[in-house]
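A.B. asks: The listed protein sequences derive, respectively, from chains F, X and D.
With my numbering, the residue at position 181 of the first sequence is 199, and numbering never jumps.
With my numbering, the residue at position 157 of the second sequence is 158, and numbering never jumps.
With my numbering, the residue at position 748 of the third sequence is 807, and numbering never jumps.
These are computed hints drawn from the structure, not numbers from a lab.
Distance condition first, Cα-Cα at most 16 Å in a straight line; then the derived EDC-like pairs of lysine to aspartate or glutamate:
id	chain 1	residue 1	chain 2	residue 2
1	X	92	X	79
2	D	497	D	692
3	F	245	F	228
4	X	86	X	96
5	D	142	D	294
6	D	359	D	412
7	D	359	D	811
8	X	5	X	33
9	X	92	D	77
10	X	58	X	72
11	X	4	D	168
12	D	448	D	245
13	X	71	F	26
14	D	361	D	249
15	X	71	F	28
16	X	5	F	26
17	X	58	F	96
18	F	72	X	72
19	X	5	F	23
20	D	151	D	134
21	X	86	D	77
22	X	4	F	23
23	X	4	X	19
Pairwise CB distance ranges, derived in the manner of DEER restraints:
id	chain 1	residue 1	chain 2	residue 2	range
24	F	59	D	656	46 to 54 Å
25	D	824	X	74	48 to 56 Å
26	F	170	D	108	38 to 46 Å
All residues carry an ideal CB built from backbone N, CA and C; glycine is no exception.
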Amino acid sequence: MARFDYFEPDHLDELFDLLARYGEDARVIAGGQSLLILIRQGLVRPGLLISLDKISSLRQISYKDNEIILGAMVTQSDVSAADRIREHLAVLSQAASKVGSVHVQNLGTVGGNLCHAEPNGDSAPALLSAGASIRASSSRGERAIPLEDFFRGPFENVLEPDEAVTYIHVPVPGSGASSVYLKHALRAVDRATVSVGLMMQMERGGRCQEIRIGLSGAAPTPIRAKKAEALLKGEKITEPLIEAAGMEVSRNCDPLSDAHGPAEYKRKMVGLFTQRAIRQLVGAYSAKQEV
Amino acid sequence: MIKKELQLRVNGGLFKLEVFPSTVLLDVLRDELGLTGTKRGCETGYCGCCTVLLGGKAIHSCSILAFRAKDHEILTIEGLEKDGKLHPLQKAFMDRGASQCGYCSPGMILSGKALLDSNPNPSEAEVRRALSGNLCRCTGYLPIIEAVLSVAQEGGRP
Amino acid sequence: MSNGAIVGQSLPLVDGVEKVTGRGVYGVDVRAAGMLFARILRSPCAHARILHIDASAAEKIPGVHAVVTCNDLPDRRVGLALKDEYVLARDKVRYIGEAVAAVAAVDLDTADEALKAIRVEYEELTPVFDAREALREDAPRIHEELAHYQQSSYITRFIQPIPDSNVASHIKLRKGDIAAGFRLADVVLEDTFYCPRIHHCYMEPHAVLAQYTPDKITVWSNGQRPFDIRTYMADLFGLPMSKVRVINTMIGGGFGGKITAKLEPIAVALSRKSQRPVKLVLTRQEEFQGFGGAHSAWVKIKSGATSDGKLTAREMEVTWDAGAYADLGVSVALLAGVVGASGPYRIPNLKLDSYLVYTNKVNPTALRGMGMQQVAWAVESQTDLLAEKLGMDPVEFRMRNALEEGDRSATGEILESVSVRECLKKVADAMQWGKRPKAANQGRAICVWHKFSAAATTSSAAIKINADGSVTLLTGSSEIGQGSKTVLSQIAAEELGVSLEEVSVISGDTDATPFDHGSFSSRVTHHTGNAVRFAALDAKSQLLNLAAEMMQPMEVTAEALELKGHRVFVRALPETGLPLAEVALAAQLRGKPVLGKGSFRGQGSHRLDPETGQSSEPAASEWIYIAQGAEIEVDPETGVIRVLKLVGAYDCGKAINPLAVRGQILGGVMMGVGLSLYEEMTYEDGQIVNPTFMDYLIPTAAEAPPIEVIVVENPHPLGPYGAKGVGEASIVLIPCAIGNAFYNATGVRIRELPLSPDRVLEGLGAKGQASSR
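With the rest of the complex left out, here is chain F (with noise of 0.2 Å):
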């Protein structure tokens, strides 16, 4: 592996300070399961590493009244393991659980899986449906990104080379909101084939009072499927109109071929898992309803 130096700044300020004094020429290094992979590949040569890890702000989960904040080096093993997101944002809880191995979820965390912005990661879409926003951090100043905004392209994310992602914001749902992540993999260890994290809030009737849908795999980033959630947002769901999001999430993406599927049949995925995950957690719904 090509020689690098390695800082590991304790508080925030060295950290904004040493990434814009380096910043072109340093990456930041959150859990590295994605990143140390990327350097011994050759992919990416960076000439320093900025460690998170020692910034101990970053390492909490902040439960506010209607946000919970993840910091940047919050593990995947952190987020499976936090009761209250498990209770609140089960989609997180799902998806955190499902990324890799034990191993990669004990050291990867949410903002590195974040960063590493591919097309079919796991932290993204779950987060993409519970409408999360990232808080970029640099010496000069603070900006907030709606997640959906956050991917330029395979594994390109918008920030500056000056700045880090320091905190993801996660409103907490309404009481009446459920949530679920579907992956669909090859292997239990595998980056998802196409993966759709899906929040729902549904009201008495068994109307659709808000929907975000989150996908991987159906385009060159993650994305938002606006257009299904369009056709269901104020709807009583029916079967038909869970079919007929289902058409619309497959008429709208792109998806790339790969190891793990060609184009076409993650076209077809993901708008089944789409479907899949409807009527699931309409299925909860009903169910809860009856009792």
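Given the structure of chain F, go ahead and fit chains X and D onto it with the hints provided.
C.D. replies: Quick look at chains X and D alone, frame taken from chain F:
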């Protein structure tokens, strides 16, 4: 690039080393500390032959910088025996044919230990998932799963 | 045959402690003082002339001690069978990834830097990547000198190249009258099937540590045929074999992929030039680029059967993609492509053609199953189609045509220890075949096959009885994780009346251990097991003769004595006798320390009549029979096949160690699951697209289905305790069993592997069965 001083806590001992900052933990364990029980099998973080425990958690030592690992307790396969007595997982692997060529065994055993330490009574599905970051080409996995479950059932952990 | 105290017992492997503690020293772990680190420069071109290599800039880099090219090795072709390759490419490169030069430096970073500084000028030639295209008259010739290539004499070969073509070997078999056979048939089916290339994926990469001095070469290698490696290098470096020592380290898996000695000569050449020990370890990516896995194959098959379910004729054409070099493809093309190709069936009329075809990709080699899974994929798939056409139960159809004891094989061999029907019945019973209802989207199938073990290979062994009665066993075979050290120790311990703990094994050292052809072709238990047994009997005879002398004035002959439980005693008077240790010490004191030797040569020959494929000798040393059942469930919306259960019966003759036998079978089954559902080496313009474990998908613990193993013990008259082999058997039938079960579930026949979800969904869609809710 120059080497920098690094202290690592491995298998209960404290080691002072001089290492390039870009060195991954796996290379330090094998090349600097001579702990060759931890293996390399790939470059992309999938095979799990390099598994060690960091603060009790199973990780791939090829995918963590050695400097990042300081201040944590590192356990390699060499640290599992106590006073010449094998850990129940090591014994179970031998007794149940869970080790054929043995190359994946250190990683598998440590992943099994990490699971049982945090979840003493795992389901078979949980065992399979905990081991899915460790590839094996010899055993077909079933004897390994059986070995881990047998230790769980016997409640045998030191 | 009943079990002895040790033979037949499920015992933990004798080298288990080294494995579970991490103390074992594998190829990747060995080191020598002052050793240099090597890297290989690999061709970026699939087919090109080498015009010029300039290593001068690389040699000048500080820390670089040697750069070698073909000019540092004799201008002599090498090859396991057909001598068609160079250690380092000379004149031409024939695949992307071919070794062109190598560097030894103080560390790997410096070696990598040196690689970048080596200038190679290529003149690109038109490549051909598809084996069928390579057969065309106008295809570029990959080996212009094919007609002049020599064959290695190390193991007897049967290679039939077609001059001025890309066919490294064409083997054929003609039996009966094929046209008449098809005329007799009421049902004739024709199909073409394809099986892709898969990789061995042993967890430990290739690793070599070489030390050259002018009068001795020493190599530590994790190769599985050390005596082969020695032959190669003695020839290349001009030393007698006695001055070339190859020592096995512990080996982290082989599966046939660690036979070809591509790396050892490179490391030795670097050591010679640098005058330092040199360590060469491949990266995982290099494993995929520099070693080609198993042969992909197109199998055309036409079979005919009468309405009462009797096969009358089978015609097959198998096209094997040999990659750039023939390597062990010659044995694949012969043994799987012809000798065993038509299956364990009585078929009076056969026309078989097997083509080993060069292409511009890295060459495959032996891989567990040795071509049988590729052929069985086609044959057993068609068998179910025939049964269906005839309106017969597929198990019944197989039973009706199964080979039986004393039948002649396709090449004319009179078969012994045949258990086709027994294996089939055992699996059918275990699955309650025909008796259980089937849920929607579920399917079941049972297939049957046979696996050869290579003919005419030799093993020898030596046994020392130490002065305290403990036993040291010397064997040239390699422990590759299959448990050979344990099984051989069990045999020695059984015959010598000692406990397993008292036996130690030295294996795979060409100086210290007697000759053995090595660990491949499921041969060690049968061949080396016999050699060890004979060596033990020889040592036993020495002990008993001496004991008879020592027991005087009691009048006993050696024949009346028994050796058991660490004692020598008169069989009829067990309370008499001497401790074994006493006899062993006495032997030493009297100037005749006990040293037993034994050897065994497997029967048969691979030489067939070039026109008819017939032979007066067996074409295999023994045959192993297999039946495999699969139960699957398919999700018609996603195309995902979930394997509910695999149950197989495997005839190993005699399970010397049932725990080890089960382990080998399970491993082979999972390799079969990988081939069936997940694995394929994919190429674009000769470049492998998925050379990592991220994109080449082998099953993990999460993907292992329930597997039931039925061990069948149908003794072979020539095996130790009747033992045959079992290491490869269980991979062979997994793809066709799963494929047939899928057909049973859906009526959709897919003729290519893997049965990936997208391929399955496409197949279902074509039949109008994919669910589109």
